[in-house]
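J.: Letter by letter, the chains look like this.
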Amino acid sequence: NAGVTQTPKFQVLKTGQSMTLQCAQDMNHEYMSWYRQDPGMGLRLIHYSVGAGITDQGEVPNGYNVSRSTTEDFPLRLLSAAPSQTSVYFCASSYGTGENTIYFGEGSWLTVV
Amino acid sequence: LAKTTQPISMDSYEGQEVNITCSHNNIATNDYITWYQQFPSQGPRFIIQGYKTKVTNEVASLFIPADRKSSTLSLPRVSLSDTAVYYCLAYLTTSGTYKYIFGTGTRLKVLA
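So the protein lines, in turn, are chains A and B. Be aware that the first sequence starts at 1, since it is given in the working numbering, and climbs by one per residue. Be aware that the second sequence starts at 1001, since it is given in the working numbering, and climbs by one per residue.
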C-alpha cells in the first residue's frame, strides 16, 4: 500500500513564488491534515479536512490555502512564499476520529530564499 | 487554543523504565489518546493508543486515569535507539470544533 504520499520531497522557492504541495492517500480516509515543523520544534496544524468539500483552519493557517475536492487528495497551496515558511511539511490522514491511527507522509522539505 | 502539555525533555540510561506524562484537559469525550515517536528527518510513527485505564503492546504501556485529563506513556528498559521525540495526541475541542493538535513533544535522550 502506498499510504500517504507527498510530493515534492524537496523544493526551493524564491520569495513571492507560489507552489502547491501535493498529498494523496489510498486508504479511503475521511480526515486529512497538514502540519509544519520548524527545526527543533513540534508539529503545528495548518489546515485540516473532515471529508471531501470540507476544510477548516488549524493553528497557523495564514499564507496557506487548501481544498478537498476528492477523498484521496488534499493539496496545500502557498500563495506567496516567504522565508518564514521555510519548514518541513507533513501531510496526515486517518479514517476519522476516535479509535484510529493517523498516518503521516514522509515530509516535504521547503526552503524559501 | 487547547493543547496537550508534556515535559520538554528527559534523560535516561539504558535499561531504565521511562514514563512521560501528557496533560490534555479538553479532550473530546469519545476520542482516544495516541502517542507517536519521531526521529530526525522522519514523520511521526504510531506507538500506542488508548481510551482509558491501561493498554500494553510490544513496545510500550499507556496509563489513562478515569478523568482522562492526562496520560502516561511508559517505555520499559529503554535502549539508545529509543532516543527520539515523543508526542501525545488527542482530539481536542476548542470553541466547539475538534482538531488534532500536537503539543511540544518530549525529547528523550537515552544515555549509555
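Honestly, the hints are just simulated from the structure, not real lab data. Backbone N, C-alpha and C fix where the C-beta goes; we use that ideal spot for every residue, glycine too. Check the hints yourself; a few may be wrong.
Short, incomplete list of chain A residues facing chain B, as computed with Cβ under 7 Å [said to hold, decoys possible]: (1) M19; (2) G42; (3) L43; (4) G63; (5) F90; (6) T101; (7) F104; (8) E106.
Heads up, incomplete: computed chain B residues facing chain A, CB under 10 Å, no partners named [unchecked claim]: (9) Q1042; (10) G1043; (11) Q1049; (12) A1060; (13) V1078; (14) S1081; (15) Y1100; (16) I1101; (17) F1102.
Using 30 Å as the maximum straight-line C-alpha spacing, the simulated DSS-like pairs for lysine-lysine come out as follows [unchecked claim]: (18) B:K1052 / B:K1109; (19) B:K1109 / A:K9; (20) A:K9 / B:K1099; (21) B:K1069 / B:K1003; (22) B:K1069 / B:K1099; (23) B:K1003 / B:K1054; (24) B:K1099 / B:K1054; (25) A:K9 / B:K1052; (26) B:K1109 / B:K1003.
J.: Which earlier hints turn out false for this structure, listed by number in ascending order?
T.: Hint check: 1, 4, 12, 13, 14 and 25 fail, others pass.
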